[in-house]
Structure formats: structure tokens, C-alpha cells
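**Student:** The primary structure of each chain is shown beneath.
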Amino acid sequence: MNMQFFQAFLDGTLMGGVYALAALGLSLIFGVMKITNFAHGAMMTVGMYAVYVVSTSLGISPYIALVFAAITLFALGYIIQHFLIDKISDAPTHNQLLLTLGVAYILENGLLAVFSPNYKTLNVDDFDGAIQLGAISISPEKLVAFAVVLIVTAVIYIVLYKTRIGKAIRACSQNKEGAKLMGIVIKKTNAVAFGIGALCTGIAGALLTPILSIYPTLGETFQLKCFVIAILGGMGNLWGALISGLIVGIVESLTGYIAGGSWSDLTVYAAFILILLVKPSGLFGRSNRREH
Amino acid sequence: MNTKNFNRITLTALLLVAVLFPFFADFYILCIGISVLIAALLGQSWNIMSGYAGQFSFGHAVFFGIGAYTSTTLYTMFGVSPWLGMIIGALVAALVGAAIGFLSFRYKLRDDYFALATLAFAEIFRILVNNTSALGGATGILIPYLVKPSEYQFASDKTYYWVILALVAFATVFIAVMSKSKTGLNLVAIKSNQEAAAALGVNVLKYKLIAISSSAFFAALAGTFYAQYYGFIDPSIVFASSISVEAIVPCIIGGSGTLYGPLLGALLIIPLQEICNSLFTSISGINMIIYGVLIVLFIMFCPDGIYGRMTKYISKRKGN
Amino acid sequence: MKKILCLVLSLCVVAAMVFSLTACDTEDDSDVIKIGSIHPLTGSMAYEGQAFVNSQKIAVDKINAEGGINGKMLQLKAVDSLGTAGGAATAAQKLINMNVCALTGTYTSGSAQVVSRTAEKFSVPFVVTVAASETLLTNGYKYSFRIQPSTVGFSSNFIEYIPYIKTDDMKTVAIIYEDSNYGTGIAEYIKSRIDETGLEIIGMLPYSAKASTLSAEVTKLVSLDPDILIPVGYYSDQNMLAKELIDRNITFPAIIGVANGAFSDAKFTNTYGTQADGFFDINYRYNPNSEETEYLLREYRERYGEEIPVCAIYGYESIMVIADALKRAGTTDHEALRNALAETNMTEHLLPQGAIIFDEAGENINSAGVLIQIQNGKQVIVYPKEYAEGEIIFEKESDS
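Chains as they are written, first to last, in our numbering: chain A, 15 to 306; chain B, 44 to 363; chain C, 20 to 419.
Hints in this document: simulated from the structure, not taken from any laboratory.
It should be emphasised that the depicted structure is a prediction, and the values quoted were computed from it without experimental measurement.
Don't be surprised by glycine CBs; every beta carbon is placed ideally from N, CA and C.
Please note that the accuracy of each hint is not assured.
EDC-like, lysine to aspartate or glutamate: derived pairs with alpha carbons at most 20 Å apart [claimed, not checked]: (1) C:161 to C:188; (2) C:91 to C:352; (3) A:293 to B:154; (4) B:191 to C:139; (5) A:101 to B:347; (6) C:286 to A:139; (7) A:134 to C:326; (8) A:134 to C:325; (9) B:249 to B:238; (10) C:81 to C:405; (11) A:48 to B:154; (12) C:229 to A:104; (13) B:201 to C:139; (14) B:355 to A:104; (15) B:234 to B:154; (16) B:234 to A:234.
If you anchor each label on the Cβ, the simulated ranges turn out as follows [unchecked claim]: (17) B:199 to C:49: 50 to 58 Å; (18) C:183 to A:149: 32 to 40 Å; (19) B:357 to A:176: 53 to 61 Å; (20) C:366 to A:272: 46 to 54 Å; (21) B:146 to A:75: 26 to 34 Å; (22) A:71 to C:190: 46 to 54 Å; (23) C:94 to B:150: 39 to 47 Å; (24) B:146 to C:412: 34 to 42 Å; (25) A:71 to C:270: 53 to 61 Å; (26) A:292 to C:211: 41 to 49 Å; (27) B:360 to A:288: 51 to 59 Å; (28) C:157 to B:122: 16 to 24 Å.
Beyond 10 Å from chain B on every Cβ pair, some chain A residues (computed) [said to hold, decoys possible]: (29) 77; (30) 81; (31) 98; (32) 132; (33) 188; (34) 193; (35) 202; (36) 230; (37) 249; (38) 283; (39) 286; (40) 298.
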């Protein structure tokens, strides 16, 4: 294996981690509410702008501003679920989907109206170029992003498995009626779950802010990728989402390296369809049974 | 006067209004009328597959694009009249629809998973065409500018209007006939409970394939019309996810699974969007925010669509 | 019966809406001349779209401050194309319905194709602000005009300028380009004429402008190790590419952008300072010696608080070209204005080119891009000589 190939593999892995975090949020939302959230990409962009605004106005590192983004997004997710989606929880799937699409329009164009469409680039002073290890160079931003992804995932795992609200969320995602009988307040649980899902994508967006120049519709580019990852991982399966995120990141990077980036998306979608056909529940669709 | 006669008379009157509309409208209103009808045709197409048969598609752009590309390449490369190309394109789209459907349904893809698979198919087609220089690649295909009705190009937008109106009428009559037929009843049965329908001996796969193929057929007709009316196509235009959204919105806003729902939805949502664009010009973005808010409001307060909402309201009043 | 009643009811609502639409913009306006502007004001192209409208407003205000056109004031009517072809066509008809004397637009090539056909149908002059597609004016339209160079124009400029950059030990080229109309058009054309330059193409790397990372493509470039790298793309993706190159400390003997959305932008040099020194770009630009340039740059900065993106100078210039034709035509009649536009011979303008003259197809025959190089964190025109602000700096030589 030559060094460049390994370099592409490594870059794909690091980027895949960020995809995974965004998709994890989507997966959680789907697992609990059974909602395909088309506002996910837009929420990610909100996270990016939150970091940008806080970081530039207070003059602090984006990695500290990230906390503000997480809080903002949790609140946003909570509000969307509490005031909008909850009201139509019995409606057919396509209604819910269109609702989230409407929310996406509002968020994206809200950002456009407030921040103007001008590209914003955050200059990060924390790092000085890439880390060179022989022929391999590692982007410190991506490395930090990857580390944060692992930490956030671990925290979310702990929240879901060790806290009251987390157990309630998991109960809701497995059996709503049963959860109700157990005295769990579905409405609040759903809102918290949506909030956590939004928080994940917000942090993912925040982690990308130092790498990308941001503009209001940027999140759209992550939307479909998140769906692909969440489904491959088995909707509602956190570890599945994490591993699928890495797989998608690596496939994308290697295709880009071998054939050119134009073909990356094609490979990802084709793999997605193939896997769906062979295993409709996703690569790791069944594995959450064990966790009962 | 009994109900049946009343219905007939009103419907005829409405159709007459629709047909005579170009004589009363200026060209700008006429062009919005054409946009409404394109959305209505897409909406009806989506209605067959998703509204009646319950197979939720989020990638109708794939059929739309196939229609546009088939007729246009046949025309610009082989001189085949787009009239014929339109039918060939629709048949190709129906075949592709059947293939996508066969793969998906055979392997039991349902609901969101199926919707996302169709979305992925649309993206795959977009990328493939974008990288195929024989099909014009990313540059797209410019249709020669000649006014020749035999080649689907007219001097006046009025004629375009009547063509698309006829296509919409065709789709609507098709749905009306289909929904009353055995096929339609089976589709509704599949939508409400697939397992039960299968247990009763309904060939689920076959009827689902009929639904997706006929749906694809009409979406492709819209695609060819779009290409001929605007005179230019490229992959980012005809395979765009915005086309898929345009197929869904009128149908859900109007009332999915109803005969007139998509027509009403298109009639409402396209002019509304245009009004948003005209009224809120001071800060850009506001137009789309209002549009988004309208969609959210419709979903919140008219979950069955306008058509469903109104029929419910009227039957309630009658009940009192 | 109730179903039908519903239909009738909703039709009434729609009829009311249609009336409200026609009621818009019917104010008496016989003493103003309206010019239509169709650009994407929302969506992913909104930044450039709004910049066009901004610069057009500056042009309109300037003309009005100088007394307007034969005593009449100009008025800009900007409509959002929504970035879609259908949206642009509707916008065009809406503007024509408002009695605009001419249309301008549209930034995206698909929209421009559709608007040029609409303009032809309604016999309304259409001046392209920016839309690079080479096929745009190949349909024999009489009413469409383009001031800026097409993809072919930029690529020809590349072939023309390369001898000034190339040193004898440069043999190989790799092109990394965004895969839509504009990037592909430029890359394919350069490829078709590369033999004339004595260079050899060793890599063509298309990528999607929506890509969230270009790491893999850059790694590929490292393994190809070309002597000349040609990046073609929009602002955000090319910015990503440049960041990757700079952070990883990857250099090539020459990096020559063609119509590069980032390299010519002031934001780009503000972000990277001198780190991007040595990058070339062949792109549209203003004439640094023109007083009008100075006015436009200053006015834009004062009004909108940022530097003008270079593409937007064509927004300003499109209004100037139309104003020039209006003065000569002496009327807003579409046919007369079209003829006046066809006879344009404009020497007073802010573009780095000779007189603006349109050929039979409507292309500006003197249109040209210039060669800029980033030096000390600033874009500097280095070729052609008459517009040059400095000499080419060959980094390799100065380093060694």
C-alpha cells in the first residue's frame, strides 16, 4: 500500500467521523420519532453560524464556541419537536417529511436574511498548518474534530444508557405504548431526543467550521449523506451510525483519490442502494437487539 | 337537478374556464398558468404512486429527467420529433420505474427507506448524465430554436398551455378511471395493509409495479414538456431534487390520494410562491421564509390537504 | 356535489390571488426607464447573485445622478431567479410584463439559456451579466448579448498567456475542476488545445462543487506531481482546495487558476495573506487604470461594507452598455434598443479590453480575461502589459 493511498484512507476516516456524528443525530431522531428529518442539514448550518458568531464576536476559539452551538441546537431541536412535529405525530410520513422540509426552508433563508449570503471563513489561530509524520500529513482541525466526535458519542451513549431521560428515550424508541404505560411522558421525551439529535448535528457543523467557508445552504450537501449513513447503520443504532460514517468517509475519499471526486457521491449512493437491497435493515440493523 | 347532473355541468364549466383561460390572461399570468400545470402533472404523477398506492417517492426527478433527456437526445441527435420522443421517453421512464420498483419491492423496501432509495437513484442518474459527454454532459443540451408545431415548438405560449393542459387532463382521467377499476381498489388495499391484501390473494408486486410505471410515465411527459417549453436541459436542472419536491408539494398540500387534490395544490402553491417573490423583495430570503412558513402551516392545519379539509368541513355541516 | 363545491371555492381563492398578482407593479411609470435583473438571490448562488444586483444599483444611481437617459431616470427591477431555469423564465416574463426595456442576468448558465430564449420569443434585448456556457449564443438569437468571455474565451486566454508563465522545465499539467457546465467546459477546452503549448496533461480531476472535502483529490495531485496545476471552481470549493494545499505545505512549480472563483476574490487574500503568494489566475477583472473602476470599488465598499466580488463588475458594466445603447436609440422601443446594442462601440468602460463591440452572435469580440498573480497578499495584474500593475514573480528563481 503506497503512502498516498494511506493518506486518502486516513483523511476519509477523519472526515467520516464528522459525518458519523451528524448522522448519529439523524439516526437518534428517526429511532425515537420515526421521522425523516429533512431539516437536518439546515440545522447543521445553524450550528456553523452559531460557532462563527460566538467565536468572532467574543474572540474565542471555535472549540470553546462549540458549546454555545450545542446549546443553541439543543434548544432549536427541542422547540421544533415540541411546537411543530409533536402536533402532527399521527400524520402520514410524507406530511412529517414535508414539514421538516418547510422548517429547512425557514432556517436556511433565515440565515440568508440575517447573515447575508457572503461566504464566512473562520481563521483559526490554534493550529499552524498540518502535522507532518513522514510522508503523511494530518490536518489538526480534522484530528481534533475526530477526537471530539468520539467524546460526544461516548457522552451520548452514557446519557442514553445511564440516565433516567436516556432510558426513557430508549424505551420510547423501542415501544411507545409500553413506555407510556410505564409512566414516561412521551411529549417531553421526544422533545429531548430531538434536541439531542439536533445537538449532534450542530456539533458536527461546529467542527467543520474551521475547515470550510460557510454559507447558508452549505448543510444541504450533508443531508443525503447523513441519510445514507443513518440507514446503513440501522436507524436508531448509534454504533451502527458511527461505523457507517467511517465507511462512507473512507469510500468517498478513496473514490476521490482513485477516480476523482465527481464519482464519490455516485459510489456512496450505489453502495447505499445495494446494501439496502441485500439487507434492508442496514448493515447493523439487527445488532441493537442484543442491547435489550 | 340531481347531484350527478350538477357535477357534470360544473366540471364542464370548470374545464371550459381552464381551456379559455389563455384568452383572458396576459402572458405573465399565462406563464404562471403553465408552471401550475407542470406542477399539477408532476403532482398527479406522484399521486398515482404515492397518494393511491402508498409508495412514497422522493426521487421523481429521475423519471422527469429521463423523459426530458430521451426526447431531447432523440431530437437533437437523430431528428426524431419530440412528439414521438415524448412517448418513447415516457415508455423508457416506465421501464426504469418498473426496474427500480422491482428491485426495491422485491427486496421489501418500504416507507422512508424506499423514499431515500428513490432519492439516491435520482442522484445517481444526475451524476451519470453529468459525466456522460455523449448526452451533453454538464454542458447540457440546447434545443434548436424553430417554431414548428410538428416538432413540439409553438409560436405562442397559448399553445404550450393547451398542450400541458391536455396532458394534465389525460393524467386526471387516467387516475379517475384507474381508481374505480380493480387495479385502483387493489392499490388502495395495498396502501392500507399490504399483508392483508397479499393474504386476500392480491399480487402485491404486480400492482405496485403498475403504480410506479404509470407514475413514471406521466412524470416523463412533464419532463419532455419542460424541455420543449424552456428549450434547454442539463442534469442539474432536470434531475434536481427541487423537481422531486415540486412533485410532492402540490399533492400533499392539495390532498394526496384524491383525484383533484394535486390540481388544487398546484393551483394554490405556485401562485403563492410567485406572490411571495413579488411582495417580499426588500431583503432576499424573506420570500422563501414565507414560503416555508406556509408549507408548515398547511401541514399543521390541513393534514389531509385542502381538498380533504374542505370535504371534511362540508360533510360535518351536512351532518349537523 | 360537495367535492365540486370545494373545487369551485378554491378556484375563487386562486382567482383572487391572480388578481393580486396583476395588481402588483401597475404604478404609473411613464417617465422612468426600467431595466430587469434576473439573478439567484436565494439558494447556494445567492452571494454572487446579490453582488450583481448591488453593482447594478450603483450603475443606475450613477447614471441618474448624471441626469439619467435623455432626461428620464433609470430604475432597476431585480427579481429572484431562485437559481432554477423555470424560476428564471417566470422572472423574465414578469419583468417583460412590467415593461422593462431590457433584461440582464443570470449568473447560472442554465438560467441564461432559458432567459435568452424567452427574450427571443418576446423580442426583448437581453444582456448577459455573467454566464460562461459556450453554447449560450449558438442558437442564432438576435436579442442576446454577452460582454464577458465564455468558457472558450477564458481557456483561449490560458493558451495565449501560458508562454509568459511557463519555464522550459515545465512539462506536465493536471486540471482539477468542478464538474458542472463551467468547470467542465474550461477543462475540456484546455485539454483540446493543450498540444499548442507543448505541455502534456497527466491528470483530469473533476469534483463536485458540493463536496465537503477535497483532501483525497489533493492527495491524488501529490502523487501525480504535475509541473502546472490548473484549478477551476467556485469560491467555497477552491477555498477548500487552497487551504488544503497551504496547510499541507504542498507546492507545484506553477498554480494557474482559470476563472477561479476564489483566487481573484479579495476575501481569499484577506484569509491567506501572503501564504497564497505566487498563485496565478486568468479571470475577468476591472481595468486598474480606469477612473470608473476606482469609483465602483469605493462606492461598493461604502455601501455594502465589503469588497466587490470581481464577477459583479459585469453587473455594473451591463447597465452601462444598456444605458449607452438607450442614449443612442433615443427610445425604449425593444427593436430600436436591440439595433443600438448591436451597433455598440463603447470605448469608455472599466474592463481590461479594447472597445466593447458585439459580433453577429452577440459576443463581445474584444472580451478577454487578464492574468493576475497574488503578490504580497494582493491580486496584481501581470499581463497584458497595458493593464499590468506589476511583473510576474517567479518564486522558484527568487527562492533559490
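**Student:** With reference to the structure, classify each hint as holding or not holding.
**Tutor:** How the hints compare with the structure:
no. : hint                       : result
1   : C:161 to C:188             : 48 Å, violated
2   : C:91 to C:352              : 14 Å, holds
3   : A:293 to B:154             : 15 Å, holds
4   : B:191 to C:139             : 15 Å, holds
5   : A:101 to B:347             : 14 Å, holds
6   : C:286 to A:139             : 18 Å, holds
7   : A:134 to C:326             : 14 Å, holds
8   : A:134 to C:325             : 12 Å, holds
9   : B:249 to B:238             : 14 Å, holds
10  : C:81 to C:405              : 27 Å, violated
11  : A:48 to B:154              : 11 Å, holds
12  : C:229 to A:104             : 35 Å, violated
13  : B:201 to C:139             : 17 Å, holds
14  : B:355 to A:104             : 18 Å, holds
15  : B:234 to B:154             : 11 Å, holds
16  : B:234 to A:234             : 31 Å, violated
17  : B:199 to C:49: 50 to 58 Å  : 28 Å, violated
18  : C:183 to A:149: 32 to 40 Å : 34 Å, holds
19  : B:357 to A:176: 53 to 61 Å : 54 Å, holds
20  : C:366 to A:272: 46 to 54 Å : 52 Å, holds
21  : B:146 to A:75: 26 to 34 Å  : 49 Å, violated
22  : A:71 to C:190: 46 to 54 Å  : 50 Å, holds
23  : C:94 to B:150: 39 to 47 Å  : 59 Å, violated
24  : B:146 to C:412: 34 to 42 Å : 58 Å, violated
25  : A:71 to C:270: 53 to 61 Å  : 36 Å, violated
26  : A:292 to C:211: 41 to 49 Å : 43 Å, holds
27  : B:360 to A:288: 51 to 59 Å : 53 Å, holds
28  : C:157 to B:122: 16 to 24 Å : 18 Å, holds
29  : 77                         : 30 Å, holds
30  : 81                         : 28 Å, holds
31  : 98                         : 7 Å, violated
32  : 132                        : 12 Å, holds
33  : 188                        : 18 Å, holds
34  : 193                        : 21 Å, holds
35  : 202                        : 20 Å, holds
36  : 230                        : 8 Å, violated
37  : 249                        : 8 Å, violated
38  : 283                        : 4 Å, violated
39  : 286                        : 5 Å, violated
40  : 298                        : 15 Å, holds
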